[in-house]
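Make the full structure from the sequences, and use the hints.
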Amino acid sequence: MNRQYVLSPEPNLAMGLRNFSWRMHSNQATLEWDWPIERDTRFALVFECEDENPDIAKLIEEKHPHEIVPRDLSSQFAAAITRDRCKFLLSPAYFDENNTVVVCHPTVQSDWIYKRAVVDARAVYKPVTLGQYKRVDLHVKVKDSSRLDHLITVLTYDVLENGGRVATYSFDEQSLAEPGHMYIKKEQTIRFTIREDARHLFDLKQH
Amino acid sequence: MSILTNIPVVFIAFGQGDSIWEQLEPALNSYANGIAYINPQENVSDSWLKSEVGRIWKDFLAQGNNGADIIRVNYIIGTDEFGLDLPTLRVQLEHYILELYPAGALVDIYCLLDDTKLLDEGSSRKPIVKMLKAQQAAGANVYLMSNLTSQNVLATNESIANTMAMLTLFKDCAPDFYVTGADASRYNELYFLDNCYSRNQGQFLTASSLNVNVPQDGLKALLMAELLSLGKEAPFIKDKPPMRESAFQETSIEQKPQISMEYLMGMAIPEVDGSLKLTRGQWLSRLFGSRLQNLVDANHTEQSQSPLSRIINDEENLYDLLRYTSSDGIYTAYTDAALAKGEKELQMAEAELRAWMDSSLDLTKGSPEAEKRRLSPLVTQDIWPYIIASGFLNRQYKICALRNKITVYEARRDAIAAANAELCRYQSRANRIIDKFLKDAAIMDEAFAPFSPCASDYFRKLFAEYAAQNRDELAEIAAKLTKAIIDDKQQDHINGLASYINDSVLTSSIFSRPIMETMHELVTESGRGNIATALGEWVFNHRQWNIKLKSGYKNLHTEINIYMPAQGAADVKEKYEERGLGRMNLFADASADRVAVLYHAGAFSLDDLYYAGLYDSQADTIGER
Numbered sequence: 000m001n002r003q004y005v006l007s008p009e010p011n012l013a014m015g016l017r018n019f020s021w022r023m024h025s026n027q028a029t030l031e032w033d034w035p036i037e038r039d040t041r042f043a044l045v046f047e048c049e050d051e052n053p054d055i056a057k058l059i060e061e062k063h064p065h066e067i068v069p070r071d072l073s074s075q076f077a078a079a080i081t082r083d084r085c086k087f088l089l090s091p092a093y094f095d096e097n098n099t100v101v102v103c104h105p106t107v108q109s110d111w112i113y114k115r116a117v118v119d120a121r122a123v124y125k126p127v128t129l130g131q132y133k134r135v136d137l138h139v140k141v142k143d144s145s146r147l148d149h150l151i152t153v154l155t156y157d158v159l160e161n162g163g164r165v166a167t168y169s170f171d172e173q174s175l176a177e178p179g180h181m182y183i184k185k186e187q188t189i190r191f192t193i194r195e196d197a198r199h200l201f202d203l204k205q206h
Numbered sequence: 000m001s002i003l004t005n006i007p008v009v010f011i012a013f014g015q016g017d018s019i020w021e022q023l024e025p026a027l028n029s030y031a032n033g034i035a036y037i038n039p040q041e042n043v044s045d046s047w048l049k050s051e052v053g054r055i056w057k058d059f060l061a062q063g064n065n066g067a068d069i070i071r072v073n074y075i076i077g078t079d080e081f082g083l084d085l086p087t088l089r090v091q092l093e094h095y096i097l098e099l100y101p102a103g104a105l106v107d108i109y110c111l112l113d114d115t116k117l118l119d120e121g122s123s124r125k126p127i128v129k130m131l132k133a134q135q136a137a138g139a140n141v142y143l144m145s146n147l148t149s150q151n152v153l154a155t156n157e158s159i160a161n162t163m164a165m166l167t168l169f170k171d172c173a174p175d176f177y178v179t180g181a182d183a184s185r186y187n188e189l190y191f192l193d194n195c196y197s198r199n200q201g202q203f204l205t206a207s208s209l210n211v212n213v214p215q216d217g218l219k220a221l222l223m224a225e226l227l228s229l230g231k232e233a234p235f236i237k238d239k240p241p242m243r244e245s246a247f248q249e250t251s252i253e254q255k256p257q258i259s260m261e262y263l264m265g266m267a268i269p270e271v272d273g274s275l276k277l278t279r280g281q282w283l284s285r286l287f288g289s290r291l292q293n294l295v296d297a298n299h300t301e302q303s304q305s306p307l308s309r310i311i312n313d314e315e316n317l318y319d320l321l322r323y324t325s326s327d328g329i330y331t332a333y334t335d336a337a338l339a340k341g342e343k344e345l346q347m348a349e350a351e352l353r354a355w356m357d358s359s360l361d362l363t364k365g366s367p368e369a370e371k372r373r374l375s376p377l378v379t380q381d382i383w384p385y386i387i388a389s390g391f392l393n394r395q396y397k398i399c400a401l402r403n404k405i406t407v408y409e410a411r412r413d414a415i416a417a418a419n420a421e422l423c424r425y426q427s428r429a430n431r432i433i434d435k436f437l438k439d440a441a442i443m444d445e446a447f448a449p450f451s452p453c454a455s456d457y458f459r460k461l462f463a464e465y466a467a468q469n470r471d472e473l474a475e476i477a478a479k480l481t482k483a484i485i486d487d488k489q490q491d492h493i494n495g496l497a498s499y500i501n502d503s504v505l506t507s508s509i510f511s512r513p514i515m516e517t518m519h520e521l522v523t524e525s526g527r528g529n530i531a532t533a534l535g536e537w538v539f540n541h542r543q544w545n546i547k548l549k550s551g552y553k554n555l556h557t558e559i560n561i562y563m564p565a566q567g568a569a570d571v572k573e574k575y576e577e578r579g580l581g582r583m584n585l586f587a588d589a590s591a592d593r594v595a596v597l598y599h600a601g602a603f604s605l606d607d608l609y610y611a612g613l614y615d616s617q618a619d620t621i622g623e624r
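Residue numbers (numbering that gives the first Met the number 0), protein chains in the order written: chain A, 0 to 206; chain B, 0 to 624.
It should be emphasised that the hints constitute simulated quantities derived from the structure, not laboratory data. This one's a predicted model, so the numbers in the text were calculated from it and none came from an experiment. If a hint is listed, it holds; no wrong ones were tucked in.
Derived coverage of chain A by chain B (criterion: at least 3 residues anywhere in the stretch with Cβ under 8 Å from a Cβ of chain B; other residues may be distant):
hint : region
1    : 120-129
2    : 161-175
3    : 179-193
Note that the Cβ used here is the ideal one computed from N, Cα and C, for glycine as well.
This is the structure we're talking about:
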């Protein structure tokens, strides 16, 4: 049915959704909320957009792609993240007497949600016979090559000994493509690390 | 004082006349002794006057001045009503005086006229002038001591007091050497009776006097300018600058410490194909990519903050600091040298790195690059990749440190230029102050123009002599200007210098020379040679700079009495009188260290004075001659 959507003239209409939260898992974003106690709210429009401060009137006017979650069916919404980063806006809505969908101003809005690039990193150990050392071959694989430049700056590997970090090393483009090998002491291990401030962008899978 | 009055002198001041005594007493003490003072108050009793006359008689006896049978009695009054008591007081006082000095009393009456109140005092002066006319007619000499010159310049109380003191001196003193055509004791009156009164039916009055000495205000201004300019033309203390050349080379920058081999050997590298013949640079690129350079860049922090301790040290002389920091100054030269040295070292380090990178590995036995690590009894590892990584990093760290040093040197050069600009602003402030003092000091050249074309140079030379003798003290003073200007406390500094000038410079033997010696040195140094001509000229030119002869009189005659050391005195009189501009009476004292001049302008009656018009015609009928 081709419904007509209008923006509620009252931006503060008390129809807000409550207890909004969101989580990410394998580039799948899940939004959850509670419906208001009042039954006027019949459904929520979920917008996914890339603006820092999205203009809801413009989104409605331009028929920005959105999902509709009816109240009676669910209080959650899940979507795969396709863009590098996006925000989700939830706008409560109801039918007026003309059966027009009146969309309220977004009650809740997520923070930036980033699509995470999967990084497969592996250290393969090979002991040196009768020695106190072992050879380590490093392997790093990234599916999304567009983020390689960024990854170089945030991916490191640590040499650990008794659980403590002995040293940290970074990569460059060349060593990321062909990490190579080195010898470490028998009791030492290797741990790959994504820098704290980039962990929302990379999904490090360490084997 | 070597000049003694033959005749005791008593000054009797009352009413407003009392106001001059404070200045008169020291002026009198400069020339003579045997002076007494009585200060009657209004409605004073006869017995008090009697006791005062008795007191001064006793004082004169105590001073050994007991041979006189005549006394000079000088009354000083003002234009207040109390002045009108003069005739009464005279009768009472002179009654007792004549009992002690049977030969009589020579009476002079000085009346102080504050001509700044000419209009206000018009009515109150009238009875005073009438009374004075009567006194004059009765034989007393009357001197009206106006404080206003014909050019409306106010004469100070000191100047008026000096004139009164000199009138006393020139009447009765006994000089060692006396050159005049007039009678020794009463020449003033005789001269003017002959030359003025008899011809013009006028009455002699005095004009003003002058102490011939170095104008102290001008000298102080000149000394102030010299003190503020210490070190301006050339370093006052020829010493090396406090900051040594090494201070300009030293920095707190240190080369990054070597990265341990243990760390480097944790860097993953591709398999090494030992058959390849590559340069070190190529190996580094193949094995480490940009990771080593990244390490260098990550550890490199640009350091420009290693400033010199204090370029503008406010305890140093401003002009020295300006010299040090100028574009051709020693500090700039030190910094440029450090910069050139740093740049040369950088070029060498970069060339060495390039050569090292372009050369092949040295795997000959014993070389560091040929070393191996034993991983087990059976397995060894070539470690030259990490050796050359270490070599690369160390060379890069050295280059980074040198670049940092150059940045520091450049910052220092800029800081020195900025300091110089700041110091130039301070100098402008100092120059403005100095210019003001130099303007005030210009009077020195004017004052001594007959003696020297540039007398201030002579006094500067004297100061240079003083400075040479008090070098350490002045070096300390010279350094204080900088801080005073930086702290904007110039006035405090100037006050301090003024005290120093008064307490130390002017009291030194160099600046306490007798005026005759100063004049002699001035004419000798300037090559003019003839002190008599110069002094005569100086006296003649007095109008230019200090004394304004009263004019506006109907018949003006001038006479000059000069008191000076005996040497050359006759010549001065001769040179002056040669000009045909008047007579000079000379009081020469062999041991005198000063020159004083009394100018007389006479030949007029009271009615001829410019304020005569203030009095009505009735005044003229009283006390007619």
